[in-house]
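Note that the sequence shown covers residues 1 to 220 in the UniProt record's numbering.
In short, the hints are calculated from the structure, not lab data.
Possibly wrong hints are sitting among the right ones.
As the list claims (entries may be wrong) - Computed spacing ranges between beta-carbons, pair by pair:
1. 36 with 105: 47 to 57 Å
2. 158 with 96: 41 to 51 Å
3. 8 with 149: 10 to 20 Å
4. 22 with 81: 16 to 26 Å
5. 105 with 174: 22 to 32 Å
6. 112 with 70: 19 to 29 Å
7. 112 with 74: 47 to 57 Å
8. 157 with 57: 17 to 27 Å
9. 59 with 167: 25 to 35 Å
10. 56 with 189: 43 to 53 Å
11. 51 with 100: 26 to 36 Å
12. 113 with 167: 36 to 46 Å
Bear in mind that the values here come from a model prediction, so they are computed numbers and not experimental data.
Each residue gets a CB set at the ideal place from its N, CA and C atoms; glycine is no exception.
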Amino acid sequence: MAFVFRVVMQFVGFLLSLLGWVLCIITMFLPHWKNLNLELNEMENWTIGLWQACVIQEEVGRQCKDFDSFLALPAELRISRVLMFLSNGLGFLGLLVSGSGLDCLRIGERQQELKKWLLILGGVLLWTSGLAALVPVSWVAHVTVQEFWDETVPEIVPRWEFGEALFLGWFAGFSLLLGGCLLIWAACSTHAPLASGHYTVAETETQCPFLQNGTAVPKV
Numbered sequence: 001m002a003f004v005f006r007v008v009m010q011f012v013g014f015l016l017s018l019l020g021w022v023l024c025i026i027t028m029f030l031p032h033w034k035n036l037n038l039e040l041n042e043m044e045n046w047t048i049g050l051w052q053a054c055v056i057q058e059e060v061g062r063q064c065k066d067f068d069s070f071l072a073l074p075a076e077l078r079i080s081r082v083l084m085f086l087s088n089g090l091g092f093l094g095l096l097v098s099g100s101g102l103d104c105l106r107i108g109e110r111q112q113e114l115k116k117w118l119l120i121l122g123g124v125l126l127w128t129s130g131l132a133a134l135v136p137v138s139w140v141a142h143v144t145v146q147e148f149w150d151e152t153v154p155e156i157v158p159r160w161e162f163g164e165a166l167f168l169g170w171f172a173g174f175s176l177l178l179g180g181c182l183l184i185w186a187a188c189s190t191h192a193p194l195a196s197g198h199y200t201v202a203e204t205e206t207q208c209p210f211l212q213n214g215t216a217v218p219k220v
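Can you build the whole structure from these sequences, using the hints too?
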């Protein structure tokens, strides 16, 4: 029963991490980090992301323009680009490493200690990836709030507000954090061995649907 619980935790943690990584990639390229609605012209909306700014008009539709210079961007957008690239890279590496350590994969099934440390390393990488995704999203949100409530700016001047990408980025970051924690927890969990010290082939195949005609998995 403990083996089933550990496998379920690994599977849920890996799926959460995969979902968070995919959403993190989408967040990085979405041009909706900040939105601007003009009260004088409600049919025209502006959005800004890490790579381009867009204007949405009712008659013309969406028109986007890439930023000409990286150095001309505000500090929060420049750093956010770097951190989002770092998050995606660490997330990809974490998925590869933790995937090799899953109990339901036959890779290195006789080296359970190695699989355990691969799972821990992958969880740490995914946890770091989630943190690297939350920092830029939260930083841009913080700057947006400061600018929105800046009393030195006249009230008639339009204010930027949160874009949909920020909420997606928060969800992606927390998914990576939770997925990484579950993988580490599953790797560090202990379970009582069976009398024989091994699982039967039938039990292993039932608990690990990834195995085809599988071999008994040794108990750690």
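Taking the hints in turn, this is what the structure says about them:
Hint check: residue 36 to residue 105, Cβ distance near 48 Å, so the stated range 47 to 57 Å holds. Look at residue 158 against residue 96: about 45 Å separates their beta carbons, and that is inside 41 to 51 Å. For the pair residue 8 and residue 149, the supplied restraint of 10 to 20 Å is violated, since their beta-carbon distance comes to about 46 Å. The beta-carbon spacing between residue 22 and residue 81, approximately 19 Å, falls within the hinted interval of 16 to 26 Å.
Remark: the range hint 22 to 32 Å for residue 105 to residue 174 is upheld by a beta-carbon distance near 26 Å. Distance hint for residue 112 and residue 70: a CB-CB separation of about 47 Å, inconsistent with the stated range 19 to 29 Å. Checked against the hint of 47 to 57 Å, the C-beta distance between residue 112 and residue 74 comes to roughly 49 Å, which is consistent with it. For residue 157 and residue 57, the Cβ-Cβ distance of about 21 Å falls inside the hinted range of 17 to 27 Å, so the restraint holds.
A hinted range of 25 to 35 Å for the beta carbons of residue 59 and residue 167 is consistent with their spacing of about 29 Å. Range check, residue 56 to residue 189: about 50 Å between beta-carbon atoms, so the 43 to 53 Å window is met. Under the hint 26 to 36 Å, the C-beta atoms of residue 51 and residue 100, about 33 Å apart, fit the expected range. Take residue 113 and residue 167: their Cβ atoms lie about 41 Å apart, and the range 36 to 46 Å holds.
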